[in-house]
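Work out the full structure, taking the sequences as your base and the hints as a guide.
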Amino acid sequence: MKEIRIHGRGGQGSVTAAELLAVAAFEDGKYSQAFPAFGVERRGAPIMAFTRISEQPIRLRSQIYEPDYVIVQDATLIETVDVASGAKPDGKILINTEFSPDTFDLDTEAEVITIDATRIALDIIGRPIVNTILLGAFAGATGEIKVESIQNAVAQRFPGKVGEKNSQAVLEAYHRMEARQ
Amino acid sequence: MSGKMTVVEGSYAVAHSVKVCRPNVISAYPITPQTHIVEDLSQFMADGKIPNCEYINVESEFSALSALVGASAAGARTYSSTSSQGLELMHEVLFNASGMRLPIVMTVVNRAVSAPISIWNDHQDSISQRDTGWIQLYAENIQEMSDMTAQSFKIAEDKDVMLPAMVCMDGFILSHVFEPVILLEQELTDEFLPTYDPEHVLDTRNPLSFGTFADPSAYTEFRYLQQKGMDVALGKIEKAAEDFKTIFGRYFGGLIEPYMAEDAEILLMAMGSVVGTIKDVIDKARSQGIKVGLIKVRTFRPFPVEVIRSAVSDAAIVVTLDKNISVGLNEGALFTEVKSCLYNSDINVPVMGFMLGHGGRDIPMSTIQMIIDKAAQAIKSGIKVESEYADLRGELL
Chain U
1359 MKEIRIHGRG
1369 GQGSVTAAEL
1379 LAVAAFEDGK
1389 YSQAFPAFGV
1399 ERRGAPIMAF
1409 TRISEQPIRL
1419 RSQIYEPDYV
1429 IVQDATLIET
1439 VDVASGAKPD
1449 GKILINTEFS
1459 PDTFDLDTEA
1469 EVITIDATRI
1479 ALDIIGRPIV
1489 NTILLGAFAG
1499 ATGEIKVESI
1509 QNAVAQRFPG
1519 KVGEKNSQAV
1529 LEAYHRMEAR
1539 Q
Chain E
6 MSGKMTVVEG
16 SYAVAHSVKV
26 CRPNVISAYP
36 ITPQTHIVED
46 LSQFMADGKI
56 PNCEYINVES
66 EFSALSALVG
76 ASAAGARTYS
86 STSSQGLELM
96 HEVLFNASGM
106 RLPIVMTVVN
116 RAVSAPISIW
126 NDHQDSISQR
136 DTGWIQLYAE
146 NIQEMSDMTA
156 QSFKIAEDKD
166 VMLPAMVCMD
176 GFILSHVFEP
186 VILLEQELTD
196 EFLPTYDPEH
206 VLDTRNPLSF
216 GTFADPSAYT
226 EFRYLQQKGM
236 DVALGKIEKA
246 AEDFKTIFGR
256 YFGGLIEPYM
266 AEDAEILLMA
276 MGSVVGTIKD
286 VIDKARSQGI
296 KVGLIKVRTF
306 RPFPVEVIRS
316 AVSDAAIVVT
326 LDKNISVGLN
336 EGALFTEVKS
346 CLYNSDINVP
356 VMGFMLGHGG
366 RDIPMSTIQM
376 IIDKAAQAIK
386 SGIKVESEYA
396 DLRGELL
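Protein sequences, first through last, are from chains U and E.
Residue numbers for the first sequence, in my numbering: 1359 to 1539.
Residue numbers for the second sequence, in my numbering: 6 to 402.
What the hints contain is simulated information worked out from the structure, not anything from laboratory work.
Model, not experiment: these values are computed from the prediction.
Keep in mind that a hint or two might mislead.
Claimed, not checked - Here are the computed lysine-lysine pairs in the DSS-like style, where the Cα-Cα straight-line distance is at most 30 angstroms:
no.	chain 1	residue 1	chain 2	residue 2
1	E	Lys344	U	Lys1446
2	U	Lys1360	E	Lys289
3	E	Lys164	U	Lys1446
Unchecked claim - Take a look, some chain U residues computed to stay more than 12 angstroms from chain E by CB distance:
no.	residue
4	Gly1371
5	Glu1377
6	Asp1426
7	Glu1467
8	Arg1477
9	Glu1530
What the hints assert, rightly or not - To give an idea of the interface, some chain U residues facing chain E are shown, with a C-beta separation under 8 angstroms as derived from the structure:
no.	residue
10	Phe1384
11	Phe1396
12	Arg1419
13	Ser1420
14	Tyr1423
15	Ile1487
16	Gln1514
17	Phe1516
Cβ atoms here follow ideal geometry from the backbone N, Cα and C, with glycine treated the same way.
Right under this line is the structure:
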């Protein structure tokens, strides 16, 4: 089983990202589970959402304490939230930022990867909404999920032009991560 | 196995199940503490997807259930959904529904009660209503919840039962989770669930009264007969699960579901979504040679006394896990009930109670592991503390 923890701020679509990841993983033929760290939603407040992906049906209902992967939608969270908490030593932490990984002094053995998803979002979508883009980056950086499955999940959720642009941005982020390796 | 899996939110899956059960009247109060269930149902209504149904938007949960009491007495298949304070506000009407033998089905999305204000999950809301004469079923996951919803209509509406039913699912943990589920197919549901055909209805051509005056010469017998309905429900709950299996190919147990229980020395007992986490911990403990098992209690009312007696008789210790407390007794309800059904029986198994997960406190695998460790210790050296919190934060006291 792979466990993914998404850190974001209220309004950035972290819960939607967790859900789309679960839909995409299921399309890949795996079992999946997505849920938020339930809070009283406030725009801008730090929030978490979780996704589990497994070959077997998933029974576990606790929050995720030792994630294989962490996605950070907003790098300013790192000042107040321990985003690396419990991350597996062979895991990956994917941060949306214009800066390079060595800018961040995280207390972790997990690999820190950065991508300027906000730039991609502004260039392709025209708005700084990065949740779907980070899923494309996740697919490229981890190989856990097919990028086509992410694109399909995004297209189902956002039909029409919005979905098309998001899908294009997902692919761009995916290719950048692939090129990195 | 029938059907195709799809990833949906728990609340949506329940709303879908209600839809294919062809309700005639849905009534709900749409403000906090409410869930997406009634939101999805009102969308189905607006889209014309629930034929021959009326959706009544009311101004309180008290009114929601009151509207259903009238509708059910008039012969309608009725449904509502609520949580925490909403359920507590229904308290008075809950007794009317059961006393009038009206088979109303209601999803209770379990949430803590105020004060202090909490929106998160525990079982205090529904457990506080255990003596209202409603059937109470608890689900482990979305598929079970989805299936149990259809089963509950069949159980409640059985001519020999005629009691309202609460189908309980953990707030947020199940109501807001996305996971793969087979949504109930309309044709199969029609095959499983017959049209509601009550023997007695409000009808101007054949006037009857429901819930009228019963003086001391007759009141006791009404209560006695409610209990008789509950006794019959025990068998009907098992039969509904079996019938469901025949048609849909899925089965989650009847009154209880044992897991690794046969040779278990430590036998855990719990209700709701925590059961899934417990199963994962048991698999781990078993791989280390610890003989631990689980009895998932699906049916809390009627309480399956005989079934539980025989399920626990060979264990060295029984350990209950409760997301509720009777303040003043310092016990969770399952603990109290299990002890009660073993007393005066010829089964002499010690019982330990743990309370946990109150007000939405997360239950990690480590908490369950700690409970198993304490139970193993108790087998060796006796029970030191009969009932306690498993996840109390001493530093806050």
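Evaluation of the provided hints:
no., hint, result
1, E:Lys344 / U:Lys1446, "43 angstroms, violated"
2, U:Lys1360 / E:Lys289, "17 angstroms, holds"
3, E:Lys164 / U:Lys1446, "57 angstroms, violated"
4, Gly1371, "14 angstroms, holds"
5, Glu1377, "5 angstroms, violated"
6, Asp1426, "16 angstroms, holds"
7, Glu1467, "21 angstroms, holds"
8, Arg1477, "29 angstroms, holds"
9, Glu1530, "25 angstroms, holds"
10, Phe1384, "5 angstroms, holds"
11, Phe1396, "4 angstroms, holds"
12, Arg1419, "5 angstroms, holds"
13, Ser1420, "5 angstroms, holds"
14, Tyr1423, "6 angstroms, holds"
15, Ile1487, "20 angstroms, violated"
16, Gln1514, "10 angstroms, violated"
17, Phe1516, "16 angstroms, violated"
The earlier numbered hints that this structure contradicts are 1, 3, 5, 15, 16 and 17.
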